[in-house]
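Student: Sequence:
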Amino acid sequence: MPGEAKLKTTPLDPRFPNQNQSQHCWYVASLPTRYNEYVLCLKNNDGDDDACKTYFQYAASLCPNSWMDRWDEQREEGTFAGVHDETKPKPMPSALTFDVLARHHRARASTLTLPHGEVRTPVFMPVGTQGAIKGLTSPQLQEPPIDCQILLANTYHLALRPGTHVLAQLPDKLHEFMQWPRNVLTDSGGFQMVSLSQLCEVSEHGVQFESFVDGSSMVLTPEASIAHQNRIGADIIMALDDVVSSLSDDDERFREACARTVRWLDRCITAHAYPERQNLFGIVQGGLDVAPGGLRDQCLAELIKRDLPGYAIGGLAGGESKEAFWKVVARCTAQLPDDKPRYLMGVGYPLDLVVCSALGVDMYDCVYPTRTARFGTAIVPSGLLKLKSAACEHDERPIDDVCECFVCQKYSRAYLRLLLKKEETFGDAGEATGGIGAQLVTYHNVTYMLTLMRRLREAILAGTFEEFVQTFMLQQFPTREYPQWAVDALAEAKISLD
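Using the working numbering, the first residue of the sequence shown is number 15, and each one after it goes up by one.
If you are wondering where the hints come from, they were derived from the structure by calculation, not from laboratory data.
Hints are supplied without guarantee of correctness; some may be wrong.
[Unchecked claim] Restricting the straight-line Cα-Cα distance to at most 30 Å, the calculated cross-link-like pairs of lysine-lysine (DSSO-like) are:
#1 Lys435 <-> Lys402
#2 Lys436 <-> Lys424
#3 Lys336 <-> Lys508
#4 Lys508 <-> Lys354
#5 Lys424 <-> Lys400
#6 Lys402 <-> Lys424
#7 Lys148 <-> Lys435
#8 Lys402 <-> Lys354
#9 Lys148 <-> Lys336
#10 Lys402 <-> Lys336
#11 Lys400 <-> Lys508
#12 Lys319 <-> Lys341
#13 Lys400 <-> Lys148
#14 Lys336 <-> Lys354
#15 Lys424 <-> Lys435
#16 Lys336 <-> Lys400
#17 Lys354 <-> Lys341
#18 Lys148 <-> Lys424
#19 Lys148 <-> Lys436
#20 Lys400 <-> Lys436
#21 Lys148 <-> Lys402
#22 Lys435 <-> Lys400
#23 Lys319 <-> Lys354
[To be verified] For each label pair, taking beta carbons as the anchor points, the in silico distance ranges come out as:
#24 Gly307 <-> Lys508: 20 to 30 Å
#25 Gln156 <-> Gly449: 16 to 26 Å
#26 Pro195 <-> Ser230: 32 to 42 Å
#27 Asp321 <-> Glu215: 27 to 37 Å
#28 His408 <-> Arg291: 47 to 57 Å
#29 Asp321 <-> Pro195: 35 to 45 Å
Model, not experiment: these values are computed from the prediction.
The beta carbon of each residue, even a glycine, is placed where N, CA and C say it ideally should be.
Work out the full structure: start from the sequences and follow the hints.
Tutor: See below:
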């Protein structure tokens, strides 16, 4: 066997007498298995992924042709079965509790308890792509008025730098590395199929990326994604999904991605080594198809069968119409289990958060508040304030009179404009690079977003959610010229703007 001298393989587990060498081919082809050999292989070889890949390439050569034939049939049929019925993963243990405390029709205020503390929902999660929120320190995120209870980190980027093997050596993994004692959610790397589409190639095996760091090849399979996330140690981890841009007009590609997402989910469930301390969420795909029995319904039905700790709605916030956007959200929240958290991925505009919370979403993430800050724009109750504009040159008012953040307590718009104009530089990809001015605006923007969600939650608890939404909409649209999509979505949630 190639690489045999280098690799320490794991003996067959006596708990599974029917296990044999050929069953290891699931690593390559997602075929039936009763045993997570890949995770044990990584443990026994100190995270040496190359050695394990060599082993499984050999194991794949032992696969019976009948298994490969059956796999081809499933792909042609577009069926969702990732493994045979007798070997489908059983319901997973859960490392969370989710308690709904109050409701307003679909909207709910809840407490999500995770291994690193409580999260009060609905909640917005700031994005720390490489284990840090750009412009903010971990202590700043923990202190009032931000008081962040959970943030997001990116599996793909952490796997490249510093490498998840570095994090795995620390007792509390990423939490210890970034000195963050609260909760972390990691995405699976699936979003990079869209954001880095020019650098990746998708197959049933997984996703092959060209590293933006050094141009090397990186293969992200469902098993590898879960192994990385296990090493990162996040409280919530995401299944690898097949993500297609919502703007695509390729119906066949959507069908393929929807079915593959479920097959990959079964591989993720099998590969997950620590379900007792990390919560695996599945992701609902299906494009913009909200027809009864359509792709979203099919994917929802399959994910719900797996009885996961929580569920995410993916494949949105990619430029689709707002009318299509809210209808997908409403379709999904209407069917997802009431006793599990619901996470809407990549959504962060304040209006979207309010509308989708009314529709029953609990969790959100987006780079919007931090990226917007680096371009010199502050988020305020009436919308956006462009601090680099000439109108702010002599404006001694704070960004927001009612904001409790130290930036609004101490600094004027004129001072912030001076800092931002002095720092106005851009990176190779057109990304704004932030100095102290951008850091101050970032602090304000993140404060605004988390304060908005706290007040939204308090309104649900107090039974005044409809009034909260009406006030929010009037601040955003003082002439009452509300976007029709928002009016329709809120009507679906039994909220009137009259």
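Student: Do the beta carbons of Asp321 and Glu215 sit within 27 to 37 Å of each other?
Tutor: Given a distance of about 33 Å, which is inside 27 to 37 Å, the answer is holds.
Student: Straight-line Cα separation of Lys148 and Lys402 no greater than 30 Å?
Tutor: Holds - the C-alpha atoms of Lys402 and Lys148 are around 20 Å apart, at most 30 Å.
Student: Next pair to validate is Lys508 with Lys354; report whether the Cα-Cα distance is within 30 Å.
Tutor: Answer holds: Lys508 to Lys354 is near 22 Å, not above 30 Å.
Student: For a C-alpha distance cap of 30 Å, please report whether Lys435 and Lys402 respect it.
Tutor: Holds: Lys435 and Lys402 sit about 6 Å apart, inside 30 Å.
Student: Take a look at whether the Cβ-Cβ distance between His408 and Arg291 falls inside 47 to 57 Å.
Tutor: Distance hint for His408, Arg291 holds at roughly 55 Å.
Student: Regarding Gln156 and Gly449, is the given constraint of 16 to 26 Å on their beta-carbon distance met?
Tutor: Roughly 23 Å apart at Cβ, these two residues keep to the hinted range, so it holds.
Student: Hey, Lys336 versus Lys400, does the alpha-carbon distance stay inside 30 Å?
Tutor: 24 Å, holds
Student: Given the hinted pair Lys148 and Lys435, is their alpha-carbon gap at most 30 Å?
Tutor: 19 Å, holds
Student: Verify the proposed pairing of Lys402 with Lys354, using a straight-line Cα cut of 30 Å.
Tutor: 43 Å, violated
Student: Mind checking the alpha carbons of Lys424 and Lys435 for me, to see if they're no more than 30 Å apart?
Tutor: 19 Å, holds
Student: Take a quick look at whether Lys402 and Lys336 sit within 30 Å of each other, Cα to Cα.
Tutor: 29 Å, holds
Student: Check the following: the C-beta atoms of Asp321 and Pro195 are separated by a distance inside 35 to 45 Å.
Tutor: Since the Cβ atoms of Asp321 and Pro195 sit about 30 Å apart, the hinted range of 35 to 45 Å is violated.
Hints 8, 11 and 29 from the earlier list are contradicted by this structure; the remaining hints agree with it.
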